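Chains as they are written, first to last, in our numbering: chain A, 28 to 359; chain B, 28 to 359.
Please keep in mind that the hints were generated in silico from the structure rather than gathered at the bench.
Note that the structure is a prediction, hence the values are computed from the model and not measured.
Each hint should be verified, as a subset may be incorrect.
Identical copies carry no separate label here, and so any pair may be met within one copy or between two of them.
[Unchecked claim] The calculated lysine-lysine pairs, modelled on DSSO-like cross-linking and capped at a C-alpha distance of 27 Å, are:
#1 K61 x K105
#2 K209 x K123
#3 K209 x K57
#4 K105 x K347
#5 K40 x K324
#6 K208 x K123
#7 K341 x K127
There are 2 protein chains.
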Amino acid sequence: MKGIVLDRSLPSKIDFREVEEKPLLDHQVKITLKAAALNHRDEWCRQGLYPNISYGIILGSDGAGIISEVGKRVSNWKVGEEVIINPALFWGNDQKAQSKDFQIIGMPTHGTLANTIIVSSDRIHSKPKHLSWEEAAALPLAGLTAFRALVYQGNIQENDRVLITGIGGGVAQFAAQFAIKKGAEVYVSSSSTEKIEKALEFGSKGGFNYREKNWTEEALSKTGGFDLIIDGASGDPLNDLIKVSRPGGRIVIYGATRGNPEKLEARRIFWNQLKIIGSTMGSDQDFQAMLDFVNQKKLHPIIDQVFQLEDAEKALDRMKAGSQMGKIVLIP
Amino acid sequence: MKGIVLDRSLPSKIDFREVEEKPLLDHQVKITLKAAALNHRDEWCRQGLYPNISYGIILGSDGAGIISEVGKRVSNWKVGEEVIINPALFWGNDQKAQSKDFQIIGMPTHGTLANTIIVSSDRIHSKPKHLSWEEAAALPLAGLTAFRALVYQGNIQENDRVLITGIGGGVAQFAAQFAIKKGAEVYVSSSSTEKIEKALEFGSKGGFNYREKNWTEEALSKTGGFDLIIDGASGDPLNDLIKVSRPGGRIVIYGATRGNPEKLEARRIFWNQLKIIGSTMGSDQDFQAMLDFVNQKKLHPIIDQVFQLEDAEKALDRMKAGSQMGKIVLIP
């Protein structure tokens with residue numbers, strides 16, 4: 028198989044090259060990939076910022092394609108079927124949290140930025156029929172993360188007033204789309220007016236530029252505060268989110284791109300009966316529920332731009348620059 | 028009526044004196060108090076550390092006594108009935124959080140450190156028959172706070188491994204007692220070996236001295252981590268609580284005696300799927316549920332020491348010193 032391999036020795040840190048394929052095990056399937064999509068995780072791996080990096084590994088967690096070979100003990104899938112891949116490995120049986128063995132496809136095991144991939148047959152699901160290959164590949168990791176954050180951890184309710192921060196991000200966009208389809212009143216935040224406008228186009232009620240000093244006052248006066256906030260930034264701005272929460276509100280954090288907060292308004296948390304809830308990726312149950320929801324609501328992921336697989340460096344540079352709105356897709 | 032009045036002009040800041048009684052309104056009852064109990068709130072009021080302090084007010088949130096007069100529109104209570112008082116005023120109809128009008132008896136309205144008190148009839152409940160007057164007076168504020176933190180916000184489950192921090196505190200003791208009766212495996216923490224031993228006597232499984240540097244490692248190796256932690260301290264030690272939480276665990280904070288944390292391990296929160304949940308006091312629904320539970324389980328509050336009402340200064344000094352284990356009770 029041929030794919031985008033992490034290579035410490037190159038200036039770009041990646042190389043498009045042949046990798047030795049292991050023989051198919053009895054419980055596995057081989058998939059000819061039709062499309063893959065990027066996540067920040069891939070760029071962090073390239074920058075050496077992800078824990079436990081192995082070099083020589085094909086990057087990529089998101090992919091969709093056609094089954095080209097089926098292991099001896101796999102009875103429920105056939106060659107030729109169109110599938111998407113759940114990139115969460117070894118979650119375990121506890122819906123509350125992943126097991127210690129938890130991994131994500133694309134590090135330390137070979138990923139989806141390739142022409143083919145071998146995965147355990149329990150990782151594949153029928154590709155939603157209303158989605159193109161590009162859209163199907165865009166869905167798994169970010170869709171799963173958003174769905175668990177919003178539904179299982181965030182316990183979203185119809186008519187909740189919801190704030191999704193950093194709407195430029197893939198998880199944020201799925202969270203906003205899912206929340207709208209759940210019947211919530213959705214607001215977004217971003218440092219980019221363009222991205223806020225894009226979010227209004229797909230059904231958000233309003234947006235706030237978090238670079239503006241008085242955005243919390245504006246948000247409070249416009250909305251009266253939020254029942255649920257979905258955030259991937261953490262850092263000191265977490266205290267702004269505490270400020271714009273309604274009493275009894277929930278703040279779900281699924282990342283910390285802004286690092287650890289250097290203070291926390293504890294009094295506001297207990298006096299306002301707030302919940303700060305951590306979430307990451309999702310269980311098999313979350314993935315199935317997400318997929319059912321996408322199928323039921325005929326939801327389409329937002330695509331930013333499509334690259335050829337050999338142009339992965341350009342695609343990763345675009346992700347690093349952070350100007351994208353929607354998923355960046357790669358076609359082998 | 029005569030009671031312990033907050034008086035800025037005195038060195039002790041309190042005075043035992045006569046206060047003009049207002050006429051009984053139609054929806055109110057007058058209670059001849061048989062016992063009252065202290066909370067940290069009373070001492071903070073004395074020290075001028077509580078928000079919106081009014082001088083000339085009788086302190087005290089906890090009390091039990093006998094109805095001595097009934098307002099014209101009160102049909103469900105009779106003179107001579109034995110009652111305890113729910114000190115939470117104007118919570119409102121939302122179980123998730125208190126309304127903006129929320130108050131606590133004993134500031135800014137006259138409290139229970141008195142021979143009599145007038146309250147709205149919807150604030151009184153029959154005194155649990157298995158409790159002495161001292162025990163009944165010890166129950167309301169701390170019991171309510173503990174019950175909401177543990178049950179409604181903390182969602183305690185049978186067999187949960189629970190840590191109650193600062194077991195010297197009244198709320199902590201109720202939380203530990205309730206958690207044990209809920210079938211949880213309860214551990215406590217304190218800076219005092221004596222208090223930990225006392226907690227073992229009433230059914231806790233183990234205890235940790237949080238002054239010892241390696242207490243988190245000890246707790247993790249002994250217990251494998253906690254499903255639920257109930258904490259009134261916040262501050263930087265909150266990060267220790269994050270550390271000793273099991274994946275998917277809940278940390279309920281009902282106070283911040285250690286102030287705001289100056290950092291927060293956000294990555295650990297989202298990666299371990301933790302919940303940090305604020306809680307304060309409780310709704311009327313929480314109070315009723317707490318009272319039902321205390322009656323059903325025949326639970327007895329822990330009493331530290333009983334003082335005469337006129338010795339309130341000594342009683343408050345004992346609370347300030349922090350060496351008590353159990354509620355400090357005052358008898359008019």
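Each hint, compared with the structure:
Taking CA atoms no more than 27 Å apart as the test, K61 paired with K105 passes inside one copy only; the shortest distance there is 17 Å, against 79 Å between copies. With identical chains, the CA atoms of K209 and K123 are at most 27 Å apart both within one copy (22 Å) and between copies (21 Å). For the homomeric pair K209 and K57, neither the shortest alpha-carbon distance inside one copy (35 Å) nor that between copies (51 Å) is at most 27 Å. Neither within a single protomer nor between protomers do K105 and K347 lie at most 27 Å apart by alpha-carbon distance, with minima of 38 Å and 73 Å respectively.
For the homomeric pair K40 and K324, neither the shortest alpha-carbon distance inside one copy (40 Å) nor that between copies (65 Å) is at most 27 Å. In this assembly of identical chains, K208 and K123 lie within 27 Å of each other by CA distance both inside one copy and across copies; the values are 24 Å within and 24 Å between. Taking the shortest Cα distances, K341 and K127 never come within 27 Å of each other, neither inside one copy (35 Å) nor across copies (53 Å).
Hints 3, 4, 5, 7 from the list above are not met by this structure, while the remaining hints are.
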